[in-house]
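Participant: Line by line, the protein sequences are chains A and B. One point on numbering: in numbering that gives the first Met the number 0, the residue at position 102 of the first sequence is 101, and numbering is uninterrupted. One point on numbering: in numbering that gives the first Met the number 0, the residue at position 172 of the second sequence is 171, and numbering is uninterrupted.
Source of the hints: derived by calculation from the structure; they are not laboratory data. C-beta: ideal position from N, C-alpha, C; glycine also. Any given hint might turn out to be false.
[Said to hold, decoys possible] To give a feel for the contact side, a few chain B residues facing chain A, derived at Cβ under 10 Å:
id, residue
1, His109
2, Lys110
3, Ser139
4, Ile164
5, Thr203
6, Lys207
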Amino acid sequence: MFSIFPKQLFLVDPLAVFFLIVIGLVCVPSAIFSIGYMKEESRRKKAIGWSLLVIFALSMCLVVTAGNLFSFLVFWEIMSLASYFLVVSDFKHEKSVSAGTIYLIMTHAGTACIMAAFFMLYNYAGSFDYNALKEAITRLPANFINIIFLLLFIGFATKAGVVPFHIWLPYAHPQAPSHISSIMSGVMIKIAIYGMIRFFITILGPGPAWWGAFILTFGIISCLVGVIYALMEHDLKKLLAYHSVENIGIILLGVGTAMFFWPLGIAPVAALGICAGLYHLVNHALFKGLLFLCSGSVYKATGLRDIEKMGGLIKVMPATALFFLIGAMGISALPPLNGFVSEWITFQAFFAGIMQAQGGAKFFMILSTAALALTGGLAAACFVKAFGISFLAMPRSARAKEAKEAGFSMKAGMVIMSGCVIMFGIGAGFIIPPIMNISRGVIGADSVRGSFYMVSVLPPLIAGVLIVSGAALFLWFKFGMRTKQVSYNTWDCGYYRTDSRNEYTATAFSKPFRIAFSFFLLPYRKTEKIRDSFYHVRKFTYETHTTMIFKNYFYEPLARLVYSAAFKMRKLQPGSIHLYIFYIFITLAGLLAFASLF
Amino acid sequence: MTLAFILSGFLVVTFVLVICKRITALIRAFRIESVFLFLYTLYMGITQRHADLFIVCGLIFALKAVIIPFVLLRITRRINVEEDLGLLVNPQLSMVIALIFAYLSYLFAHKAMSLVNLAESAAFIVSITAVCIGFFIMVSRMKALGQIIGLLVMENGIFLAAGSIAGGMPFFIEIALFFDVFVFVVIVEVFVYKVNRLFTHIDTSKMKSLKG
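Pulled out of the complex, with its shape left as it was, chain B reads as follows (with noise of 0.2 Å):
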């Protein structure tokens, strides 16, 4: 009962990543998602009460909901850039495109990984979900940040899928990740405001015009 309303807040929150307009937005409802990550890694925590699994989910709260989001929120400040995001697919298709995605992967869990234990399916078809959708954000948001944080929702959920299918991937290789994603965001950060400065935007689409 407590996975399944852990699972879908998750789930549900992944949608409203799709639906945001505003940078702002996106970052909390990022925020909101690593809550929900938090939840499940120390509901597993509690039921296979392994010790290892609490300093991961410590991790889990203290980087992805309290610092990361911290930190691109501090930038999207300090860049002082309007709000939008710049959708290139509108919020209502993008939901509908979510779906499908949802639907997707409900398919390919069923046919490539056939699970038996219910409540780890459904973990890994939230997880397949919301690789896609982190994805997705990357594709059609035209703003640096969109590209950041879709690539984060979709670190969230490959580390979903690692402890939904494999009960949580090595310690070590845990921390590591933590540091990885920790030291992208610190560089991703100074980057945009470098950018920022030197052409007075972070639209990746006004990129094109690199292109010889």
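Next up, chain A with everything else stripped away, as it sits in the complex (with noise of 0.2 Å):
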């Protein structure tokens, strides 16, 4: 029984075979990708990178089929160190460089929690297998798995970037090459979620439904602050990774949703909501690693991330810009597109779970609800920023102007992503059933039936209406409407010339959502103007932030804390042998005076 060594050393269940998929759809047009993106740098970088690569991806693999708590921690630190190095690969920068270490304090303070969890489980239940935990969690007392509970939560909230751990996300993913990027946002955040169902409820579910509303409140909080955040934010792939935040949280909807209505005995909705939740996360891994690429394949051409110094490179860059449109209308959630089709699942969760609840889970339904509805608005909001402000328009620097084309193989990943979106969205009849029969499993409802039939028609069906009926827009515009063409210029305020100054800048777009949400983003602006005289302004400067309430009011205050405490520390240590001796023998004298109470 009582063992170090543990006896499942694997353990491939449908869930882990559905994370399996996950992790190869991502990784392997990633890697295609990044044959391309990384053709410049020299033969000893390109192999380290491929070697990282390689080792990131299969320690992922190994992290979701670890049959045991001890492999799992081996695998999920691996992984955790690969992508530190992957991060900071660009060591001659000093912001890589310290992004790096701003995602490896996150990374291994979660990893604490998450070791002091499986330590805890390891002493109630002499083993570290899962088929054991599961026997032993039903002799655990109440307190215990609550704390169990939280501090895996934790750990794992900090890997996945959930509010307020998030913290570490927008350093780290813009840092890392982009077809790292791809992987870190679509798949390790995944991992997490895929530990939180393992643990939460296949190992120690069903727990009390409190923590379903926790995750669920999480989730809320998590999907409007990421959205919001994306909103302010003009570096392109930082915007995206405030996008995984949001989309995190969208996924936790859908596990919140499980969580909380399976210990009532509601086992459809249940099923329903994981469904919903893993159907997010395999669609947020698929959009969100094509638009990673594509933010790479753009950054390769200009060397730009700034979205306001981009513009016009649809024209240049045609195949980048369809395929970032494609990304972006699956995230945003439009149909016939992938992103729709799991929003949708995770409404019909809530909806159903808002005629089964009662009272207050009633209300707290509904509100999640709306939430989910104002994100799903917002990323489409943000979206339209990103793609209006970098694609369209007349080019706002040179550097966008003289861009290239990316070259085959980065082509080729893209494709090979943007393809998986359209066909998750359209093919969703086929891709729901084998996801809800993980998910019956995951909860252990084999009976369940859930109803699925408007989803599995509604995406091909709204795919066709707007097939038909797009064309027949084009087809009257084309020939009905339009009978001659003049040709002006455009009128331009009295202004001599329109040239890319006289653009909308993607500050001026988020302008109405700084004002909305100034409640929380706390803007603050500054201007300065010189003036010549009073009627004429020789320049003028305006300058707007948001406040970083997480980073300010919490990280920044307890780094000062850790710091000052260390400083204190420090005069422990006053390079005198004498006093070091006199510490040992301090301790042995109260070692000592302890085992004499006894």
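Using the hints, put the two chains back together into the complex; each one sits in its own frame.
Facilitator: Encoded structure:
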């Protein structure tokens, strides 16, 4: 019974296989993309990059197939370290190194919590194996399980980037090479979701209903905070990183619904919730991976990440623009693409929950529904900004003007992923049943049947309607409406000529949202005018910033506290060997005194 | 009666170690302490009629009473520094502290071990006192020789403790320990010599400047 060597090395159940598929779907196109992306790097850097990529992908596969806590932890740590080295692969930049440090600190703080929880579990179960744990759970006192739940939640939430543990995401993801951002954002943070489903639901579950409400609350906060920050962001990759925070929130909404309704004995809603979570998980992996690859393609061609300096890229990089548009439509949940399907299932789970829930829970579910709807709308607005400002209109800088289309392998990677985005949308009818089977297996309710007939026919139907009506509109536009063509200059408000400086900027686009959410964003601005006379302003500088409340009011005070404590602790170490021996002696005396107490 | 003489002798010499102001005095006091340890082991060997113990006591005499003091005295002669040990705590206060240690050890031995045999408990108290005093010498003496002797005194104390409560350690471990201590002293001799050549002193309190 009691053995440190686990008997169950691997566990390959449907849930694990699902995650293996997700890993493959993102890692393979990203790897293909990286052939073109890393073309100009030195041989040595390529070799290191490839080997780390393989270690990274392999460690993720092993995490999801691990059959015991010990190997889970080992592979988890290999995954964290491999991704850390990939983040700092551009180690000559100070920013990369500091981003890597933030990531390393956060991920290890999380891992420490996971380790504490694992050892508590081991202490009770006497075994690291999942199966043995599952049996031992029934013997554990309730308070104890709750503590384990909270520790595991902090650990996994740190990796997943759930608000308020998201702080590392917008630093680490942009600094990594784009194909790595794609894997990190597309897959690695999902491994934490795997951890949550595996431990909270299949091993510890069914826990009390407040676990579900707890996760739902964090889901709501994550998706709103993530999308609001994304709206304010002008760095394309940072924007995408904040969208990862948002989408993790949406995934948690599904998982949280399941965890809320399962203990109440409403298995159909629970199965639907997990199904929604898993489907959104694979979808987010696909479109976020695609979007990161597109941003990498743009970065490769222009060297830019700031969308205020892009513009007009659709003319020079039509393929990348198309793929970005597909990804953007997916993430904005526009039918008939995949984001729509999974958010639709999430809504269905919420609606089913509202029908089944009683009293306050009903209100809570309505609130979650509203939050998801708001998130969807804001995400669409954000991608209108991201696509419009960076790909449309006139180029805002010389670099954007001289951009070249991505090479073959980069395009190939993006093609595969955009194909998947479309397939997972239109072919939802084929994909939902197996995912539903997995979610039934997860909560151990095989007999449950969900009603998905709407979902399975809806996306192809909408696609058909859209294509037909689009074609009709185009034909009407082309032949019916316009009879003659007049060409003239754009009316330009009396200016001599319009150039890119007259264009709508991303800052301007996001201003209404900055005002609407000013209670949370706490924006401030700085203006500076240099005048020749009252009527003639020679120079006008306008800066606007938002306050990062989690960073300013939580992490920075915490860091200051740690530093000041460390400086105080430093006094313990004055360099005197006599004092050090004295410490040993005091310890020994203390132990002797302690021993003589008993 | 014999045991009482040996143990009180050991205790008294241990107190003497605390008030030594000069390096050579400290080494000589350590030599006398080792002789008492040798006598204790010899007495145990005679009463218990155990062949191993005779070998051990022979080793104690050879190593701790002859070779180690000789090596240490030689190094003090060779490095030719001033005799003063550099006391951080003066002899009077050191003596008071040593007495407090003895009393605390007595309390500890009675509370923690609840020994019934008077001889055993006396030996145990003396041994704990020696360990504490060894520590105290390490902490409160500036010169590196102070730390070396302190450690050796502690080692003597631990040896006595093992002899008093467990009737000695297994033979093999005792031999290994002797070897360790011997190697330690040889290495330390070389190092003290080198350190003195390099820095012209062996004052460990000046190591504070190493800290960044």
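Participant: Next, verify each hint and record whether it holds.
Facilitator: How the hints compare with the structure:
| no. | hint | verdict |
| --- | --- | --- |
| 1 | His109 | 9 Å, holds |
| 2 | Lys110 | 4 Å, holds |
| 3 | Ser139 | 7 Å, holds |
| 4 | Ile164 | 14 Å, violated |
| 5 | Thr203 | 5 Å, holds |
| 6 | Lys207 | 4 Å, holds |
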